[in-house]
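**Q** One letter stands for each residue in the lines below.
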Amino acid sequence: MRKYLIRRLLQIIPVLFIITFVVFVLVYKAGDPVALMLPEDASESDRAAMREALGLNEPFLVQYFSFVGDLVKGDFGTSFRSNQEALPLVLERLPATLELAAASMIVAIILAIPLGIYSARKQNTLTDLFITGGSVLGKAMPNFWLGIILILLFAVNVQMFPVSGRGSLMHLVLPAITLGTGIAAEMTRLIRSSMLEIFNQDYIRTAKSKGVSNSVLVYKHAFRNSLIPVVTIMGLQISHLVSGALITETVFAWPGVGQLLIQAVNGRDMAVVQAAVFVIALLVIIVNLLTDLAYRLLDPRIHYS
Amino acid sequence: MSEPLLEVKSLSTHFFTEDGIVPSVRNVSFTVNKGEIVAIVGESGCGKSVTSLSILQLVSKPGRIVGGEILFNGMDLTKMTEREIRKIRGNKISMIFQEPLTSLNPVFTVGNQITETIRLHQAVDKEQAKKLAIELLKTVGMPNPKKQYSSFPHQLSGGMRQRVMIAMALSCNPELLIADEPTTALDVTIQVQVLNLLRKAQRKFDTSVILITHDLGVVAEMADRVIVMYGGEIVEQNDVYNLFKEPKHPYTKGLLNSTPKIHQLEDSLESIEGNVPTPENMPAGCKFNTRCPFAMQKCIENNPDLERKGDGSYIRCWLYEDSEQEKAEAVVSL
Amino acid sequence: MEAESKPVMTLPRVNAGMKTSSHPLKRWTKLLLQSRTGTVGMIIVLGVIFVAVFADLIAPHNPAANNLSNIMQPPAWVAGGSWDFALGTDNLGRDILSRIIVGTRVSLLVGVFSVVLAGLIGLVVGIVAGYYGGWLDNVLMRLVDSFLAIPSILFILVFLSVFEPSITLLIVVIGLTNWVTYARVVRGEVLSIKEREYVKASKSIGTSHRTIMLRHILPNIVSSFIVISALSVATTIILEASLSFLGLGIQPPDVSWGAMLTDGRNYLATNWWVATFPGVAIVITVLGIIFLGDWLRDVLDPRAQVSRKGGGK
Amino acid sequence: SDKEASTGGTSGSDSNDGTLVIAQASDVTTMDPQNSLSTTGDRVFRNMFSRLFYWDENMELQPEVAESYEQTDDTTWHFKLKEGITFHNGDPLTAEDVKYSLERVMTDDTLKEFPYFKQLKQVNVLDEHNVEIITDGPMPTMLNVLAKSGADIIPKQHIEEVGMDEFIKNPIGSGPYKYVEWVRDDRVVMEPYEDYFNGTPKWKKVTVRAIPESSTRVGELITGGVDVITDVPPNEWARLDSETGVELVKGETTRVNLLMVRTTEGTVTADPKVREAIDLAIDEQAIVDSLFQGNAVPVRTRVPKGVFGANPDLYDTNVYDLDRAKKLLEEAGHPDGVDLTFTASKGRYPLDGEVAELITAMLTEAGFNVNLKLLETSAFIEDYNANKNEELIMIGLADGLLDASYSLVHYTKERAAGQTDYFNEEVENLYKEAGRNLNDGERAKQYERIQEIVAEERPHIFLFQQGANYGIRDNVQFTPNLNEVIFFDDMDKK
Amino acid sequence: MNMPVEVKETPEGKTGHLLKIEGLKKHYVLSTNLMGKPVKSLKAVDEVTLTIREGETLGIVGESGCGKSTLGNMITRLIEPTGGKVVFENRDLLSMSEKEMRNVRKDIQMIFQDPFSSLNPRMRVFDIIAEPLRTHGVATGESLKKRVEELLEIVGLNRSQGKRFPHEFSGGQRQRIGIARAIALHPKLVVCDEPVSALDVSIQAQILNLLIKLQKELNLTYIFIGHGIPAVKYISDRIAVMYMGEIVEMASKENLFKATKHPYTQGLIDSVPIPDPLLRRDREELLIKGEVSGESDPGEGCRFYPRCPFGTEMCRIEKPSLREHAPDHFAACHYPLS
Ligand SMILES: Nc1ncnc2c1ncn2[C@@H]1O[C@H](COP(=O)(O)OP(=O)(O)OP(=O)(O)O)[C@@H](O)[C@H]1O
Ligand SMILES: Nc1ncnc2c1ncn2[C@@H]1O[C@H](COP(=O)(O)OP(=O)(O)OP(=O)(O)O)[C@@H](O)[C@H]1O
Ligand SMILES: [Mg+2]
Ligand SMILES: [Mg+2]
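Residue numbers (my numbering), protein chains in the order written: chain A, 311 to 615; chain B, -3 to 330; chain C, 3 to 315; chain D, 166 to 659; chain E, 7 to 344.
Calculated directly from the structure, the hints in this document are not laboratory data.
A virtual CB, placed ideally from N, CA and C, is assigned to each residue, including glycine.
Be aware that a few hints might be false.
Claimed, not checked - No farther apart than 30 Å at their CA atoms in a straight line, the calculated lysine-lysine pairs in the DSBU-like style are these: (1) E:26 to C:202; (2) B:143 to A:530; (3) E:49 to A:313; (4) E:264 to B:241; (5) B:249 to A:530; (6) B:143 to E:325; (7) A:530 to B:122; (8) E:325 to B:142; (9) B:57 to E:169; (10) B:241 to B:127; (11) E:49 to B:126; (12) A:313 to B:143; (13) B:196 to B:83; (14) C:202 to E:105; (15) B:142 to E:31; (16) E:31 to B:127; (17) E:259 to E:325; (18) E:151 to E:112; (19) A:383 to D:334; (20) B:57 to A:530; (21) C:202 to E:91; (22) E:264 to C:202; (23) E:91 to A:313; (24) E:259 to B:257.
Stated by the list, open to error - Part of the chain D face toward chain A, derived, beta carbon under 8 Å: (25) 365; (26) 367; (27) 385.
Kindly generate the complete structure, drawing on both the sequences and the hints.
**A** This is how it looks when you write it as structure tokens:
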């Protein structure tokens, strides 16, 4: 187990290295940052001059190795767009992102677990149908749609929550609901399906024969066994939330990593893309490691070597 | 030993599958008295497990009790609400399942699963429950019970899992214990201990036991009364001594003959020829007619009733039709 | 009595009442009709396919024809609407109903096929990684980590600079970027399933790894798989819009639900119907797929047969 | 309304409590005024720094830090600075600072403002309050350039002490408001600088927020979370009109939406008849009326009213004649229609996607077979800059100098190469002469002539001048400027 | 500690060893220290050495949890041993690549103890039984169908039940499916892990007879693990008695029952219930008391010492080795009984 952990942690280094390389190639291939920095009617010579000044005229490998050289020293370089060090730019955003991710996860869990279980227990009844419909809705409603509607309803019409921005706990509510419902939709369905499978197992019958109450039967005996796909989705969604809450961040003017990253990608801002991907990758790897550890807790039969 | 604790009356349980109805248990009636050990034996697949599951209302979905009553202390279990039956399960009636691996929840330690039952029906705290559970594990002969308390089912051998099941079932001193092949996975030394345990419980708390087993040795050791099932029906029921001394139904005879004996070296073991017909394809007439060495035209045409004989036994066979008693006896003595 | 001479293995009577298994198509139809939601799902899905195929014939208006005098007409039942434009018109005065009808084609195509592609890749990777474990698992899962960390838009931008835009490209791109979800979910389940006794039993027979994966592991993970893929169709239909937006897929005057939904974003506060109806179309379609998926899931789970019958009650 | 909920520390209110909250569509990208180039940035820098000149509310150039100026010859300018101006740290603003600032922006080619300043050759300090600027040729747009944010004066001594990085983190200017904090993609907060040389600032606190989603911006305005919002797209106008307590303010921009047309040999649009047919097929007025509810001006030039050198004949007018367009196509030998690839952006300018779709429909009507390529901003810019545009590309071009020279350079051979490939000897000469002409009257005439020729030859087909739309709370008084910059103290709140 | 078991070639016509196990062990690590080194481990199987001749049946009996299944699983390499050797037809199985092993698997089959969990719940019984045939390409199409139906009937199931799923069968029926699967390929060696304990006696007798018949016809070799001592006795040629991971006695069945050497064996035999209610004994009086100590480290001496009625100081201190007390009769006891 310890060995496994150490090995997993050691793997992070080559993985990050490879990711950095891939990102470098992708950003490099994706196009010219200068074109996106200057206004539409800048002339080609203006752009050439700026490319030259930023060192973007160097051959690919020269650029890459100078980047890696700095990276080894912990320096991701400077953002083309804002002329600031890239890593602090990302780290500055991280709390906002993590805060939103955590809140959305909580919303998702609060919604998904009871709904998923309930619809499994009431399989093929009207309630189940409604919950299924609800999950489809949750998944088919794009985040911008739900976000805007929530703002209209609960911030503009009924002024219960602030419209946008980050600050108090109240600011967190609407964006977290926006993100959480989509995740909840998926989780609800997964919980439902694995619960249905578990309900047919012999050990459920055993538990019944002991006379346990329905809630213990469901929440203790069945639920725990159904958690593997759910935990996987949670891990995946946390990864997505860290990098991809872009639309929700935009709608709610939430200063998170998603906005930063997408702006950086759109501006081909190498240093910032690299720093952001690096930080996200680190989080993703850790979350996935935790997921794998959680598997073991959930199913003692699983063993890693 | 006379008060009936459990009365099963004309119980029928059918499975409604994609390919049609499987009548696994048909019209089964029997009584279990207080403090009595009733053994059910019979061909594999003849409906023993389904009968016992029916008693606790645990038949899984495509199956359904389609008729009959199950009176426990005079109350009909088939008419109880889920909530009412829950109070009885594990507390008044507990069950030892046949499949020891799949019947334990793979993600909880065995300790957790035992204490759960204890705490459900007894007012004890966590610590006490744990103590009780370890005590129980020890009683069922679990080696190193303290350690195994925190093992997961997959870490135990088949027999150990079976003992966990037994410990669980015994934890609340039930009035009725349904033991579905409780010792098949156990070696004989442990089997002895477990059987002793069952008997102790039976004597001490006047527990009634329904013991489902294939091992006629176990039956002989334990049972007061024996029910023989075949093809979803009871074919013979008798007092244990009489049954072993004078088995009547051809099937029962076949069973006794097929038992390997330890103290003699057989060259070959007799067996009942032929296959058990599947419940959905039961022959008309007597269910055993396809394999019965004494089958007559009548047997193929009509299914005999389970008749009570003068000595208190029940038998379902044309050979023992009252009027033809003598003829039957003549055949048997052959 | 001649009973003694009975051959051991013959059971003449038993076979007499046996039902012969019917034609598979008939059997599936029967199973489908037994399930109410399954039937509804099938009707919806067939309906949507019908609409997609005959879109041009069904659509009451030319979906691209703008009509500047009819801008933002509300649906018929709202004050100011007319049955000529049953679901209203958009900001260029185009008939929303017709656009939804014609948009079915692209959305269904992209929604279904990219999910199939992503699902296949994810299924293979997930099973292989979970089953073999060890370094292969490590490599594949780190690949998944990388895919999760690197924003897919980067890949898309590069794709854009290399390939000509087309629906096929769109499907491929979505497939190639979305497989990770499946891979991880599948792997997680495989980890648990491969420790089951029946897998060991099959191994002891000498069954090849491939067969074990296909016949023992795959059927036991279908359920989660069906669940996520059915839902993903919704996300994919929406995703199509944003990728087309980058220039990857379709371009106006071609329509898709995703694009309509995205375009309607700006009018949510003022003209709700522009974004709502394409959303409704997505919901209905995905519901149909999910119903069908749930039914399939039940049918494939031999122990869940109850739900399709009156039996269990 | 629930006060507590709607405040996030950045709230405005219906009574004047001395705070001002402005929400714009995107955030400032840097605190370095010389490396910005965006209107969003300038709205901050304009109030934090001061420059030699500025545009007043009537779009006239006025001295700010400069007290007076004098052009001693074609290439030499002499500026006298006001005395008593101090930076936010108390240091006096001197000629050294001006020299330092201008030299930075005219030499550091990594700065985005650099291209505008490369004509400056030398800055000399004459004494503490007098500087001399030498250009590399006659530069009629000198004062325009000095009113850009690139000409913002930054404190030399301070920067030399703390370093440029630190300065950019905690900028110090000499404008009416000083920097308090910048939470990226969220807000910039400023406080009044009491010793501002031009009077005491009006507001106790100014917050400039970034809210990218337009409906969210409007939502914030309606709930009173902000006082002013910028960039209100047409789809939100009705909402602002219908809500009480808020109001829509319409302004103008120097940005003109136009179609760039390839005149390159071998393309169908090399034929002037085809180009004319395109122009005639598009009903700009209808676009303006239907999509923009009249709040945009159809034009036939890139130089809108208010910019130096604008040709009034080509403003607020359009040509539309479908029949003639069809006939022209036939005459040009395309009776069966013409294949056109039309690239346009979506989401870069207000309703650009819709406009492109409408134009496509109009062109189709006239007999063109249009292949529309609607691209998201970065993909679009990528295509545009790589000159991947085929027959038509729709773009919106603004004028950063408010001088026609800025716009008309596109019709020179060098600039048009690869893009429209337009060349006209007369235009070429006129543009060159005007660039050296220090006589404003003459120069304006030359520019007007260029615009006439372009309107006739159509290397660009002009659509309309974009409007600028702001939302304000009822108690706010605000008049927008053509250059879209907001000077906080020009605003009022009851 | 470890005694070499010299297995003599039998004089009879049997061609010699099919399977040889040397010093086979399996230790489950229960906990590790900070460095990842095991500090506590459970010796599920410890230094087991035995030989199986072609065509014979070796019965293995013993306490539940004494490592019988583990031993069986190691022979089929479903569990990787901690140490030792498994030589099948003169080839070391443990050093084989997976591919080679897969070929060998055709010849070594296993009947699993838990009949239900070893059947894939989503496969029809037909496919479960057909799997080995398909895997090794023995039969296809019609011939496959015929063969499977034949197998179904051999184990006493109805051919129509092939299209059902495992959960639709009773415990005994499931076990029979497992048996059908195992004999499908006519393997050389079948490891039967309690194949009949879930069966009712009549079927049990059928299966035992069947196994014997198959053995005669196909020259099969069995390792027959079982609790049901009568059944084991019935089918086996030789019987090994295991206790806590070790073999404590091994002899031909005649000798084992007639000239029992080890007290544990004696206890086992005495515990067998006799199917005659008139002979009901008071079981509480029986020889062996207590249960397997279950200590992960059972200490120096004889492992049976804590339960042995004849235990002495010597037994506590020194572990008896498995010695040949009579020809072909091995026992690990300081004071053998007869
Ligand atoms: N879910 C089910 N669907 C269809 N048939 C079933 C189902 N469960 C049980 N049966 C059938 O019911 C019959 C009785 O099964 P049961 O488990 O009671 O047998 P049993 O007497 O306990 O046998 P064993 O001794 O082998 O455990 C069997 O023939 C079996 O095939
Ligand atoms: N995965 C595991 N982890 C730890 N201990 C294990 C594991 N599997 C088995 N054991 C232990 O190994 C010992 C031997 O188990 P095994 O299954 O071989 O017993 P067995 O002789 O087959 O018993 P039974 O007759 O009850 O099936 C037991 O003490 C068991 O607890
Ligand atoms: Mg049973
Ligand atoms: Mg075992």
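**Q** Run through the hints listed earlier and report the numbers of any the structure violates, in increasing order.
**A** 5, 10, 16, 22, 25 and 26
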